[in-house]
Amino acid sequence: MNVTQATRLIAEREIRVKLRDRTFLFGTLFFLLIAAAGTILPPLFSGGPSTVAATESLAAPLRAAGLEVRVVPDDRAAEQSVRDDDVDAAVVTGPAVLAMDDAPDDVVKALSTQPTVRLLDPDAVDPVVAFLVPFVFAFVFFITSQTFGVQIAQSVIEEKQTRIVEILVAAVPVRALLAGKVVAGAILAFAQIALIAVVAVIGLQIGDSGGLLSLLAPAIGWFVPFFLIGFVLLAAMWAAAGALANRQEDIAAVSTPVQFAVMLPFFAVIFLNDNATAMRVLSYLPFSSPTAMPLRLFTGDAAGWEPIVSLVVLVLAAGAFLLAGARVYEGSLLRTNGRTSLRTAWRERETIG
Numbered sequence: 000m001n002v003t004q005a006t007r008l009i010a011e012r013e014i015r016v017k018l019r020d021r022t023f024l025f026g027t028l029f030f031l032l033i034a035a036a037g038t039i040l041p042p043l044f045s046g047g048p049s050t051v052a053a054t055e056s057l058a059a060p061l062r063a064a065g066l067e068v069r070v071v072p073d074d075r076a077a078e079q080s081v082r083d084d085d086v087d088a089a090v091v092t093g094p095a096v097l098a099m100d101d102a103p104d105d106v107v108k109a110l111s112t113q114p115t116v117r118l119l120d121p122d123a124v125d126p127v128v129a130f131l132v133p134f135v136f137a138f139v140f141f142i143t144s145q146t147f148g149v150q151i152a153q154s155v156i157e158e159k160q161t162r163i164v165e166i167l168v169a170a171v172p173v174r175a176l177l178a179g180k181v182v183a184g185a186i187l188a189f190a191q192i193a194l195i196a197v198v199a200v201i202g203l204q205i206g207d208s209g210g211l212l213s214l215l216a217p218a219i220g221w222f223v224p225f226f227l228i229g230f231v232l233l234a235a236m237w238a239a240a241g242a243l244a245n246r247q248e249d250i251a252a253v254s255t256p257v258q259f260a261v262m263l264p265f266f267a268v269i270f271l272n273d274n275a276t277a278m279r280v281l282s283y284l285p286f287s288s289p290t291a292m293p294l295r296l297f298t299g300d301a302a303g304w305e306p307i308v309s310l311v312v313l314v315l316a317a318g319a320f321l322l323a324g325a326r327v328y329e330g331s332l333l334r335t336n337g338r339t340s341l342r343t344a345w346r347e348r349e350t351i352g
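Position one of the sequence shown corresponds to residue 0 (numbering that gives the first Met the number 0), numbered consecutively onward.
Certain hints may be false.
Claimed, not checked - Taking CB as the label site, the calculated pair distances span:
#1 252 x 307: 24 to 32 Å
#2 108 x 85: 16 to 24 Å
#3 163 x 326: 16 to 24 Å
#4 284 x 220: 31 to 39 Å
#5 20 x 342: 29 to 37 Å
As the list claims (entries may be wrong) - Restricting the straight-line Cα-Cα distance to at most 20 Å, the calculated cross-link-like pairs of lysine to any residue (SDA-like) are:
#6 17 x 27
#7 108 x 98
#8 108 x 96
#9 17 x 167
#10 108 x 50
#11 17 x 149
#12 108 x 164
#13 17 x 160
#14 17 x 193
#15 17 x 256
#16 108 x 83
#17 17 x 108
#18 108 x 60
#19 17 x 145
#20 108 x 65
#21 17 x 1
#22 108 x 58
#23 17 x 192
#24 17 x 7
#25 108 x 69
#26 108 x 56
#27 17 x 195
#28 108 x 67
#29 17 x 163
#30 17 x 146
#31 17 x 28
#32 17 x 194
The hints are simulated quantities; they were obtained by calculation from the structure and are not laboratory data.
Heads up, the beta-carbon is just placed ideally off N, CA and C, and yes, glycines get one too.
Starting from the given sequences, assemble the full structure and let the hints guide the process.
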């Protein structure tokens, strides 16, 4: 069995095990429900246009504004409709707007003479969207790499504790064992994100947010390759961290560098997303480029060549971390007599597999 065949066999085994894991399935369902609720419910709870009582002579501008107009014979009947809670508001001669306890903004706006508005920066991103987009990109990459990374490390430790790893390395090369775990994690992570993205897109369309979807499309398109390669980089680190430990209780201690590599870019993108210089630097650093570069593409701050260069840098970094992770993985995988130090695993790599 060559390395490619062994890698495929290990990846298929990891995927089958994970798809039978109820925690993973319920977690995926939970994220899907959040995506659906976050995109569908806000427009539903925002309510429809106000219902307005008015005479026929005052109804024209209200209908033009898309309001639901109920024609009444006179102003007294219009006021009574409000008091009886049959309508949200009434428009009477003046014109004047009547309401019980809250001024209906859409009715007031329909009756107001609005000045001409000339936008100096028509392509500017809405401030709320400008805050939410970097948070969503960073959160998706953070949660996914953290969740699946920890699962990879726990899988390695479990195999060491049960000594099944000794059987595995007798049958397949060690690097194929590592590659299979990384490939399986990447496939599962991408599949989960793809499902969530499909639900979110459907929700945006239902919520009539097509304009936002068209703005996000280029950034999402670039986020996919950045996400996959960035995940491979971190997955190699998580697998190596798991090989250094001998008990599940040790995973927190050995994974501290990996935790920092995930958390620091997350907070950097969240808090520095309005700093052009900082974002330019973050978009070329391997640990932060999967979120920083798609964000710069969304805001229009990145030139056409920048994501290509950034992606090449990320690919080279992922390759280097895979090689380094494989060396640590090989040097510590069969050491089951206690936690292995990084220096020991690096210097005294065992020739196994």
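Status of the hints after comparison with the structure:
Hint check: residue 252 to residue 307, Cβ distance near 39 Å, so the stated range 24 to 32 Å is violated. Judged by the Cβ atoms, the range 16 to 24 Å given for residue 108 and residue 85 holds: they are separated by roughly 22 Å. For the hinted restraint 16 to 24 Å between residue 163 and residue 326, the CB-CB distance of approximately 22 Å keeps it satisfied. For residue 284 paired with residue 220, a C-beta distance near 21 Å fails the hint of 31 to 39 Å.
Between residue 20 and residue 342 the CB atoms are about 35 Å apart, so this pair conforms to the stated range of 29 to 37 Å. Taken as a hint, the residue 17 and residue 27 pair is honoured in the structure, with Cα atoms around 12 Å apart against an allowance of 20 Å. Taking the CA atoms of residue 108 and residue 98, the gap is near 14 Å; set against the 20 Å cutoff, the hint holds. Under the criterion of a C-alpha separation no larger than 20 Å, the hint pairing residue 108 with residue 96 is consistent with the structure, at around 11 Å.
Our distance criterion of 20 Å between C-alpha atoms is met by residue 17 and residue 167, whose separation comes to about 18 Å. For the hint pairing residue 108 with residue 50, the CA-to-CA distance comes to about 14 Å; that is within 20 Å, so the pair holds. For the hint pairing residue 17 with residue 149, the CA-to-CA distance comes to about 13 Å; that is within 20 Å, so the pair holds. Between the alpha carbons of residue 108 and residue 164 the distance comes to roughly 70 Å, so the proposed pair goes past 20 Å and is violated.
The suggested pairing of residue 17 with residue 160 holds, with an alpha-carbon distance near 19 Å, which does not exceed 20 Å. For the hint pairing residue 17 with residue 193, the CA-to-CA distance comes to about 17 Å; that is within 20 Å, so the pair holds. Note on residue 17 and residue 256: the hinted pairing is violated, with a Cα-Cα distance of about 26 Å set against a maximum of 20 Å. Taken as a hint, the residue 108 and residue 83 pair is broken in the structure, with Cα atoms around 24 Å apart against an allowance of 20 Å.
Restraint check for residue 17 and residue 108: not satisfied, since their Cα atoms lie roughly 55 Å apart, outside the 20 Å limit. Proposed proximity of residue 108 and residue 60 is supported: the alpha carbons are some 10 Å apart, at most 20 Å. The hinted pair formed by residue 17 and residue 145 meets the criterion: a straight-line CA distance of about 16 Å does not exceed 20 Å. For the given pair, residue 108 sits about 11 Å from residue 65 by alpha-carbon distance, which is consistent with the 20 Å threshold.
Proposed proximity of residue 17 and residue 1 is contradicted: the alpha carbons are some 25 Å apart, above 20 Å. Between the alpha carbons of residue 108 and residue 58 the distance comes to roughly 14 Å, so the proposed pair stays at or under 20 Å and holds. For the proposed pair residue 17 and residue 192, the alpha carbon gap of about 16 Å is at most 20 Å, so the pair holds. Taking the CA atoms of residue 17 and residue 7, the gap is near 15 Å; set against the 20 Å cutoff, the hint holds.
With a CA separation close to 18 Å, the supplied pair residue 108 and residue 69 stays within the 20 Å bound. Restraint check for residue 108 and residue 56: satisfied, since their Cα atoms lie roughly 18 Å apart, inside the 20 Å limit. Taking the CA atoms of residue 17 and residue 195, the gap is near 18 Å; set against the 20 Å cutoff, the hint holds. Of the supplied pair hints, the one linking residue 108 and residue 67 holds, its CA atoms being roughly 14 Å apart against a limit of 20 Å.
Restraint check for residue 17 and residue 163: the C-alpha separation of about 18 Å stays at or below 20 Å, so the hint holds. Pair hint residue 17 plus residue 146 holds up; C-alpha atoms about 13 Å apart against a cutoff of 20 Å. Between the alpha carbons of residue 17 and residue 28 the distance comes to roughly 14 Å, so the proposed pair stays at or under 20 Å and holds. Simply put, residue 17 and residue 194 have alpha-carbon atoms about 16 Å apart, close enough for the 20 Å limit, and the pair holds.
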